[in-house]
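Counting along the sequence shown from 1, when you hit position 74 you're at 74 in the working numbering, and nothing is skipped either side.
Since the hints were made in silico from the structure, they are not lab data.
Mixed in with the good hints, there may be bad ones.
No more than 30 angstroms apart at the CA atoms, straight line, and that leaves these computed lysine-lysine pairs for BS3-like [stated by the list, open to error]:
| # | residue 1 | residue 2 |
| --- | --- | --- |
| 1 | K22 | K50 |
| 2 | K351 | K548 |
| 3 | K566 | K17 |
| 4 | K100 | K6 |
| 5 | K96 | K107 |
| 6 | K96 | K66 |
| 7 | K566 | K519 |
| 8 | K566 | K50 |
| 9 | K311 | K50 |
| 10 | K521 | K275 |
| 11 | K566 | K22 |
Label-pair distances were calculated between CB atoms; the ranges are [said to hold, decoys possible]:
| # | residue 1 | residue 2 | range |
| --- | --- | --- | --- |
| 12 | R483 | Q353 | 47 to 53 angstroms |
| 13 | M133 | S421 | 21 to 27 angstroms |
| 14 | N346 | G474 | 55 to 61 angstroms |
| 15 | D93 | E531 | 45 to 51 angstroms |
Note that the Cβ used here is the ideal one computed from N, Cα and C, for glycine as well.
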Amino acid sequence: MTEVIKIANCSGFYGDKLSAAKEMVEGGPIDVLTGDYLAELTMAILYGQKKSRNTGYVGTFLKQVKQVLQPCMENNIKIVSNAGGLNPAAMADAVKEIAKELNLNVKVAYIDGDDLAPNIEQLQNAGELFTNMDTGVNLANTKNTLLTANTYLGAWGIKEALDQGADIVICPRVTDAAVVIGPAAWKFNWQRDDYDQLAGALAAGHIIECGQQATGGNYAFFQEVPNFDNPGYPIAEIEANGNFTITKHPGTAGLVSVGTVTAQLLYEISDPAYKNPDVIGHFDSLRIEQAGEDRVYVSGCKGSCPPPTHKVCINTLGGFRNGFEIALTGLDIEAKADILTTTFFNNIGGKQQFDDVSIELIRSDKENPQTNEEAFARLRIIAKSRNKELLGRLFSAKMIEIFLANVPGLGVMNPIGNGDSFLVYWPTLVDSQYVTETVHLDNNVTEVKPTNQLGLPAVTHIVEPAEVPPCPIGDTVSMPLGRLFGTRSGDKGGCANVGVWATSAEAYGFLHQFLTVEKLKQLMPETAELEIVRYDLANIHSLNFFIKGILGEGVASSVRMDPQAKSMGEYLRAKVIEVPVSLTKQLNLAE
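Generate coordinates for the entire structure from the input sequences, incorporating the hints supplied.
Pasting the structure below:
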């Protein structure tokens, strides 16, 4: 057997299953327990907690630590987590208190150096523009109020802490994959320029970072999943060469297949050259194959030098917003929506006083409805302003007071509020020369510089495109795209990605020729005016579409029904297209 390090992830987001850590520790042998709790929106939530309760870390992680600390120490299982959030030092102290209560001798390290907020002005004076990666606007040119600014740190601080004997490593805003790369680099003593090995660990970390999304959760072909009662959480068994197996504990529900792993590999990426402060992993170079029941082997991921910059997660206060969702019923829906909208804004003083107004009519009504609910359409009106008074009680009252004096069949579908503040995510870059990770363990403080500041020789990698199978020809039949192709979609700041994969080489030949950017815009008309970039991953029979600007200024401020773009893939799968009959025969769908 090839020597491996078994890294298990027990959390894909802040709010994931509390008992997962205990289940991963007790369910079978593992070497490292990790947890990913931080999304861009989570950092903003933790900011509020730090201001009000002086915490700023993921409190539920402490409950998990209390459950598993003793068996982890008994079985030499390391714990590495980014639950430290905005206050890793305070979380480390809390973990030490738990160890003291349990009468355990535990070496707890924490990492900082990610917080750039106190130095933003100084860095701007040094020439850093903090240009928004989605909009192209410089930070100095926004009226928004800066709340947080955290660099996505890499894996080498984690490795340093483990090298020094840490049992638990509390991280701040590190990259999601760093909690996997760091332990793997520690286990095999990888060096900074072992780019292929690091790229493999990066791919492994990306696949398991969202927990059960790698074991059947949110899976397009969900009927393949035998049972959803208690899906297992993913484990990456990483080898010294960077290749790895994705699996889960025996006796758990869910599924680990080429499909579930492919789906998660496509999740929330843009360019297949996946950038990380430790390495660029070339996802269009790897191979995925089934290696047994609930075991998928991923190999051959090539790596190259990390970029000269670090990504920074900035959250700003964008102002205030208020809005409504109104049910419109029956006939003449569009006329009713126009009259109601016009009356409301006339009564409130016009649209021009607001910074932004979104009006969306969702035609969920059906012709000849069989129930009252089938006659409903939904009108969504949302306004934004930096002036809180414009969106307070009076704004809401002006909608309520016209309910008996306007079109027939109105109904309120959500509580009418008094206006709330909203946050704007500001993805940006900073020159890596301004980034230093600091490792704290006992009384030792160790500074760790980024790889691209060490003067290593430049190593790049150009992937030779995999061969694309020919497109099948012949008679066609109409069917939903999703009967042949899986999808996985998600948010990337104000942008979104939709990954599409084929379940056979023949189907990919058709997909590659059929699903152009122009065709995607036809199938998804709301994207027609947006910039879309298509990336080909023929090695895994996949395409990835990066849709720029569809989420506005990010999850926290988006006015879309699905601000995280999680449903866009399934929306695409529901579209009816013409496909070659020869492809349907493998599904037994042809006549």
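These are the hints, each one checked on the structure:
1. The hinted pair formed by K22 and K50 meets the criterion: a straight-line CA distance of about 27 angstroms does not exceed 30 angstroms.
2. For the hint linking K351 to K548, the alpha-carbon distance of about 26 angstroms falls within 30 angstroms, and the restraint holds.
3. Proposed proximity of K566 and K17 is supported: the alpha carbons are some 19 angstroms apart, at most 30 angstroms.
4. Taken as a hint, the K100 and K6 pair is honoured in the structure, with Cα atoms around 28 angstroms apart against an allowance of 30 angstroms.
5. Between K96 and K107, the direct Cα distance comes to roughly 8 angstroms. Compliance with the 30 angstroms bound is thereby established for this hinted pair.
6. A distance of roughly 11 angstroms separates the Cα atoms of K96 and K66; the hinted pair therefore holds under the 30 angstroms criterion.
7. Simply put, K566 and K519 have alpha-carbon atoms about 21 angstroms apart, close enough for the 30 angstroms limit, and the pair holds.
8. For the given pair, K566 sits about 29 angstroms from K50 by alpha-carbon distance, which is consistent with the 30 angstroms threshold.
9. For the suggested pair K311 and K50, the alpha carbons sit about 23 angstroms apart, so the restraint of at most 30 angstroms is met.
10. Restraint check: the Cα-Cα separation between K521 and K275 comes to about 27 angstroms, which is no more than 30 angstroms; the hinted pair holds.
11. Under the criterion of a C-alpha separation no larger than 30 angstroms, the hint pairing K566 with K22 is consistent with the structure, at around 28 angstroms.
12. Evaluation of the 47 to 53 angstroms hint for R483 and Q353 yields a pass: the beta carbon distance comes to about 49 angstroms.
13. One distance hint, 21 to 27 angstroms for the beta-carbon pair M133 and S421, holds here, with the actual separation near 23 angstroms.
14. At roughly 59 angstroms, the beta-carbon separation of N346 and G474 lies within the given 55 to 61 angstroms, and the hint holds.
15. Against the hinted window of 45 to 51 angstroms, the Cβ-Cβ separation of D93 and E531 comes to about 47 angstroms, which satisfies the hint.
Comparing the model with each earlier hint shows no violations; every hint is respected.
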